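*Asks:* Given next are the chains, with one letter for each unit.
Number of protein chains: 2
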Amino acid sequence: MSKHDVKRLLVNYKTLEEFQNFKEIGVQELSMKEELEENIIENDSESPFYGIYYGDRLVARMCLYKIDSKFDFYFDPPQNYLELWKLEVLEPYRELGFGETLVNYAKSFDLPVKTNARQRSDYFWEKMNFEPVTYNPDRDRGENPYVWYPEGVQAQEQSETESSLAPE
Amino acid sequence: MSKHDVKRLLVNYKTLEEFQNFKEIGVQELSMKEELEENIIENDSESPFYGIYYGDRLVARMCLYKIDSKFDFYFDPPQNYLELWKLEVLEPYRELGFGETLVNYAKSFDLPVKTNARQRSDYFWEKMNFEPVTYNPDRDRGENPYVWYPEGVQAQEQSETESSLAPE
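Protein sequences appear in the order of chains A and B.
So that you can map any letter, position 110 of the first sequence is 140 in this note's numbering, and since no number is skipped, the others follow by simple counting.
So that you can map any letter, position 12 of the second sequence is 42 in this note's numbering, and since no number is skipped, the others follow by simple counting.
Wrong hints could be hidden among the right ones.
Which copy is meant is left open, because identical chains are indistinguishable; a pair holds if it fits in one copy or across any two.
Simulated pairs of lysine-lysine, DSS-like, Cα-Cα distance not exceeding 27 Å [claimed, not checked]: (1) Lys37 / Lys116; (2) Lys63 / Lys157; (3) Lys96 / Lys63; (4) Lys53 / Lys37; (5) Lys63 / Lys116; (6) Lys53 / Lys116; (7) Lys137 / Lys53; (8) Lys63 / Lys100; (9) Lys100 / Lys157; (10) Lys157 / Lys53; (11) Lys63 / Lys53.
Since the hints were made in silico from the structure, they are not lab data.
These numbers come from a predicted model, not from an experiment.
Modelling step: build the complete structure from the supplied sequences, incorporating the hints.
*Replies:* So, in structure tokens, the structure goes:
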């Protein structure tokens, strides 16, 4: 196993400490910490995070979540798909391909993948063969969704929505 | 009408030009521009955006979207609620209460309000009487949801989820 393999991250205090180096720390990580402290989840249980270690240091990570087909409003035919978020590579380790490695890992499950692309990251996602979707405010609610279609999968047709759903 | 009133923004080229000053420009604004150019929506039709003008200049805005009760996974009893996003005040006009004015306007519809709080904005939302929710990865998918409960409304009980939905 090379030192740049993608690893499933385990929920433990070491992982949570490594997470502190990333910008996108939110309620999800806090929730993991609380569950660990209160013994709601076991130490070293599997998290939905995947990461790349450079030596001993976690330098890149992403979160990957399987969404059930009954909540699939993006793909045709409707199916289980992966939601990818919190893709982040630590500053000194950028431009080394770690982001690409993680995204390719997500694609290797051969399920459709959906992400919410950050400002000015369109170039990256298009390089990774993701495509923007036709914006549907009811479904996307301000997100900037990019999706990757495995072979045989296409965009789900969206039904017409009212021109304005904002309150009167 | 005082010059700091909240106004429903109309979809036209002037509004779209004003939007260029804001950081959070995404697929939603691009979509409005395309629909305007292709005459899919009429000039001066109502947008889901609300804003505050300082003189002639749009200096603060938010997007407000009514979510149908059948998609309500946050409130008890389940009901129509407002999703608030793209709340942003232009840099030189911060700390003047425009953000508060917009959020209070959202609350004035007397529907529950949900937002995805950005990093380090917890203080602001708590000051506005919003509360963080108990994180549910299936529902929240990496978001940092803050909600405002009108009187008589409370948090929706979440059913237990599998400990890990990430792919094997």
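*Asks:* Against the earlier hints, flag every one the structure doesn't satisfy and list their numbers going up.
*Replies:* Numbers 8 and 9 - these are the hints that the structure violates, sorted from lowest upward.
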